[in-house]
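These protein sequence lines map, in sequence, to chains F and Z. The C-terminal position of the first sequence is numbered 470 in this note's numbering, with every residue numbered one higher than the one before it. The C-terminal position of the second sequence is numbered 1237 in this note's numbering, with every residue numbered one higher than the one before it.
Please keep in mind that the hints were generated in silico from the structure rather than gathered at the bench. As the structure is a computational prediction, the values presented were derived from the model and not from experiment. Careful, some of the hints might be misleading.
Claimed, not checked - Derived DMTMM-like pairs (lysine to aspartate or glutamate); straight-line CA-CA distance at most 20 Å: (1) F:K295 to Z:D1212; (2) Z:K1009 to F:D174; (3) F:K271 to F:E287; (4) F:K301 to Z:D1212; (5) Z:K1009 to F:E242; (6) Z:K1009 to F:D264; (7) F:K295 to Z:E1021; (8) Z:K1016 to F:E255; (9) F:K301 to F:D281; (10) Z:K1016 to F:E242; (11) Z:K1016 to F:D313; (12) Z:K1009 to F:D275; (13) Z:K1016 to F:D264; (14) Z:K1009 to F:E287; (15) F:K295 to F:E336.
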Amino acid sequence: MAIIEVHDLTKSYAGRTVLGGVSFSVEEGEVFGILGPNGAGKTTAVECVEGLRRPDSGTVKVLGLDPRRDARALRERIGVQLQQTQLPENLKVWEALDLYASFYKAPRDWRELLDEWGLAEKRDTRFGKLSGGQKQRLFIALALVGDPKVAFLDELTTGLDPQARRATWELVKRVQASGVTTVLVSHFMDEVEELCDRVAVIDRGEVVALDTPAGLIGEGAGAQQMRFTLPAGAADPAALVAAVPGVTATAREGDRVTVTGTGDFATAVTAQLARHHVLVSDLRIDRRSLEDAFIALTGRKLDD
Amino acid sequence: MNALAKLTAVETKLLLREPGSLVSVLIPLFILVVFGSSIDATDTTLLPMSLAIAVGLVGLYLLPTTMASYRERGILRRLSTTPIRPGSLLAVQLVLQTALVLIACGLLMGVASGVLGVRLPGGLLPTLGVFLLGTAAMFAIGLLIAALAPNGRAANGIGVLLYFPMAFLAGLIQPVDQMAATVARIGEYTPLGAFRSALHQAWSGQAPDVLPLVLLAVYTLAVSALAARLFRWE
Chain F
167 MAIIEVHDLT KSYAGRTVLG GVSFSVEEGE VFGILGPNGA GKTTAVECVE
217 GLRRPDSGTV KVLGLDPRRD ARALRERIGV QLQQTQLPEN LKVWEALDLY
267 ASFYKAPRDW RELLDEWGLA EKRDTRFGKL SGGQKQRLFI ALALVGDPKV
317 AFLDELTTGL DPQARRATWE LVKRVQASGV TTVLVSHFMD EVEELCDRVA
367 VIDRGEVVAL DTPAGLIGEG AGAQQMRFTL PAGAADPAAL VAAVPGVTAT
417 AREGDRVTVT GTGDFATAVT AQLARHHVLV SDLRIDRRSL EDAFIALTGR
467 KLDD
Chain Z
1004 MNALAKLTAV ETKLLLREPG SLVSVLIPLF ILVVFGSSID ATDTTLLPMS
1054 LAIAVGLVGL YLLPTTMASY RERGILRRLS TTPIRPGSLL AVQLVLQTAL
1104 VLIACGLLMG VASGVLGVRL PGGLLPTLGV FLLGTAAMFA IGLLIAALAP
1154 NGRAANGIGV LLYFPMAFLA GLIQPVDQMA ATVARIGEYT PLGAFRSALH
1204 QAWSGQAPDV LPLVLLAVYT LAVSALAARL FRWE
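Taking the hints into account, I'd like the entire structure generated from these sequences.
Okay, here's the thing in structure tokens:
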């Protein structure tokens, strides 16, 4: 069942098109990624879904509700972590959770969240004294305190060091494990690749691809190559390799062989060679990353 | 406890933890005590002056700084993703800052009558009316600053920058009778000046002039309408 349905969303500011007809849907229980460079329109799209912005045209349904018309009812059931939000410096961790819990009709017990998110020791610490990672944990806890069906997490790990980012990823996995559908906005490839079930790639206000991370990496490939060295005196393996599904070309230069293909051909080629007792050495597979996929899709790098 | 009660409780704690609120109480108290030792019991100038300073500091400095920093930090936006309206936070702040003004003024009056032996107002009801009108005018200006300032620091700067010339023109830095006549005359038309003079008259038991009261009402309405138009939630 689709929890979020977005259809043909458009938005422009002062004649500049920010969203040019964005459509996607998010299924119950998945982690849905919205990936794109800064300024691509990711946040605007998500803010239309959250009801913070009114799209110029298009429809949005979240849990069957219209984010603008049924704002009150919807806000009981979603949890949001906004990009670049702070709390008052002097607000203590427990006070923030206690306060935000009071906004909802059926909140979670914030004391549980305090334990779950490793904030129990920081209970009486003021917001201004927390580390970046601790603040981020508090924001996730605040997004979950209303016991939401859907959580929106926007640029969760921007500004965190690599270790804190990894730790935050584990937290997102826990959110999903607890059954909350998650929409994750990010401009980090590795993050989306690690966490998301499906990804919408947004570039210049349009969805340029929508697939699983693995699907995106495989999509439009053909560029994938594997290389290996044949044992001395081995027969030409071209016929053997060509029979493997997905292989598009084989080239040989001395005892060095290059095989080009799509999908999961590399594993199949290795298996085929092994079955015929061709023991290759120096095997290299040029695996495409989501980064390569992004360049292939948009013609530019993600952090441009 | 419901959301509004909880919000009020939390915001009260934050206000008490904010050094600015203590400063808004201590500065007028300091002025009262320092100058109060050299006045007699019939004085009707010093206490209204220190009350106007307290109201001016809260309205022009503390209120806009708090509001603008809430917007700057994205707290108002964050609230609009929850079932509670961000307007509730502004309403709670207005109530609390008014309470702070009342507490500061209560303290000033207590010290003035109890310690310095200064006579309390002649006309209690007119004084209270003028006091509330003046507070409304100062808060309206504070809200306008909060609407215009891009962040908390800017609001703080604008507040301080506005406060000193306004306090000078109003005769809060130097008593009116020691000021040049033209400057004093101009001062009567400023919000803080109209407030001080109306408060002074009500205090001495005179029927207050209509002009400063009308001025205060006009300032309150016009400035708060402008602030409401210009205020941005993000």
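Which earlier hints can't be squared with this structure? 1, 2, 3, 4, 10, 11, 14, 15
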